[in-house]
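Visitor: Once you have looked at the hints, place chains B and C on chain A.
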Amino acid sequence: MTQGAPFNVPFLAVAALIGIAFYIILSQRNLIKLVMGLGILASGVNLFLVTLGYREGGVAPIYTHAPIERMVLPVPQALTLTSIVIAVATLALMLSMVVHIYRHTGSIDSEESRTMKG
Amino acid sequence: MAILEFGLDFWNPIVCITAFLVLIAGIYPLRSRGQKKYKKGTAQTQIFLSGEEPPGVEQRHIKAHNIYWGFFQTLKGYYDPTVKAHTGIINDYIIWFTAIAAATAAILFIVG
Amino acid sequence: MDKLITHSPILIIAIPLLVAFLTPLISRANEKARDVLVITTLAFVEFLVIVLARDIYANGIHIYTLGASSPTLTIPEQYMVPVRIILEVDAMSIFMCIIWATVSLAAGIYSLSFMKEETGRDRFYTLLLLMVVGTFGMMLTGDLFNLFVFLEISSIAGGALAAFRIRFADAVEGGFKYIIISSVGALMVLFAIGIFYAQYNLLNIAALAQVIQYTMLDKIALTLLVTAFVMKTGVVPLHMWFPDTYTVAPASITAMLVISSHACMYALFRICFSLYGVTLNTATVGWIIIILGVLSMFVGVTMAVPQIDIKRLMSYHAISQLGYMWLGVGVGLAVLGNPEALATYGREAISGGIFHILNHAVYKPLLFLTGGALFYRTGTRDLNKMGGLGHSMKLTSIFFIIGALSISGIPPFNGFASKIMIYESVYRLNPILAIIAMLVSIITLASFTKAFQSAFMGQELPAYKEVKEVPKSMIIGMGIPTAGIIFFSLFPGLIVDWVVYPAADALINQAAYINAVMGG
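Chains as they are written, first to last, in this note's numbering: chain A, 14 to 131; chain B, 132 to 243; chain C, 348 to 867.
Think of the hints as simulated: they come from the structure by calculation, not from any bench. Backbone N, C-alpha and C define an ideal beta-carbon position, used for all residues, glycine too.
Sample of chain A residues at the chain B side, in silico, Cβ under 7 Å:
no. : residue
1   : 38
2   : 39
3   : 127
4   : 130
This is chain A alone, in the form it adopts within the complex (with noise of 0.2 Å):
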């Protein structure tokens, strides 16, 4: 973030990220569009997590061979680490679901490959 920016970047990049990924999610009728909305929805929280955490001048927080100045919170960072390391199992478990309902139905449309309704 550079010192002559008007707005707060990070966050208008966090709500642009998590409008296109709900935007995705709402309208694409494709599963593995749907799919990649939600791993669109999953960066937009985890950068979200990040960027709370920055404080204005502030190095990486490592204590080790660095200067003791302002550090940014790592907290939020450990928070993202792990948001990540869920979203790539749940990503890889919906997408063999999707091989596995391409396999039984033969399409992977949300509306022509539904089994159940009512």
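Guide: Just chains B and C, lined up with the frame of chain A:
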């Protein structure tokens, strides 16, 4: 131990069960005396359809989608849009999520 | 023994986790040994939960700090706030844990014969134990991010278990929908946790409850948390994934998934009562929950009546009964700021809702297990094809009758005891709510009459001439909830005084929750 007390009321299931057993004890001997003219296994126990042949077992059993049809006819105005709203499409589920989140946010900002 | 009680919160989470990863190794050696190991683990966890429960009812809230030199050292020296993960178990948490331990034990015993013809059973038991761990973690934790992690663990394990029988097309679809819904919900929960951390630099629920003010950002966080957790619980109009998933999962997994969604309801109670407390506008949030509860009750049961798939019918009933719990606790939340109304009918309403959680957790798994028994013997869930099974499956039909009368709130069963608490207290807030609740009870009985007539009554059909009763372990699995129903029906006062009123008081008493961690 058995009495549930809440507010100013109470509920005692032992009384309910005892009352039920007393009623059964009074009614069952009267009902089990039966009728004098009842003979099992004769035409008295067969199904009577004004002289016609009763259909087979599979056709006699009322299927599940036929039960309560009067109820569904009466409430057609409620059931048709509701059942149609239950599409199976996953995108619609997230549309509902966004709508309810937006409505809750609006209520919380305006009122509370 | 004292050491066991002190360390029991973490043992309840760690032992199934360890055994979950041992299960595939032991399966390579011997299948029977794996079955014995899984059931022994679940029984041992039940023992730990009961031991911990007795300690909590005697001594109050139980704290366990992970990684500290002593389990009760919540705030280290030179620190003002807790920095480690703290497991905080009060009467409401242990109430949910008792239910979950019993239901998972019954479901585990039932699965021994229900899943006998499936391949890959070592993975099934691994995932089952992981789901047990995830849900216990949600119920025992006192830390927000820990809640998110265990929420994700139980969602992933639950989704994989729901889609376990991949030879059915609808099973995979049900599991897929569950994972998508859980992912969206959990990411929104993480966003809300990020908002809390950004404002207050705290993740611990008790520490956060001490400093929280109801700012605009907190309102956004509350919106996201409420919507995400009610979606995971299955509240109308966010309920449409619920029947799809619960129909296609194996019957024992459905019973466990129901309680897992109760854990999400518990998480929302923890947030509304213990995290926000009276800082939020209790009338508004309470009425939002009441309206959602009433909608769930009504739409849930009216959509249940036209169903012809027996497990889909029961899933819609689960939605409807959850509406009762939301109604009871919502009324309590709405009057939380009003001490006179709270003492008069608010506490009764919360207790009614909590007692209904207990009753529901006893009869709903029973009903799902009978549905599974019908599927096991006839190979179909379609009520149009069944008929006259009461002649050959006598025990199953008796279990079904007991479950159906209990869910409809017919005296003297336990459903009636919790429903009358809800009717009486909700009537004092607004009479219309009580009237709708009673109407929903009647329609519940109507739809179960339809299911009973279609499946069990009538003459024996020639297609089902060779159908016998289900195997013994399934009977035992169904007998455990039935014993619970009969016990709760005969002694409701005992259960409510010992278990439900302490849980309701623990929810209302935010100060005790904070003081246990922050040290008064």
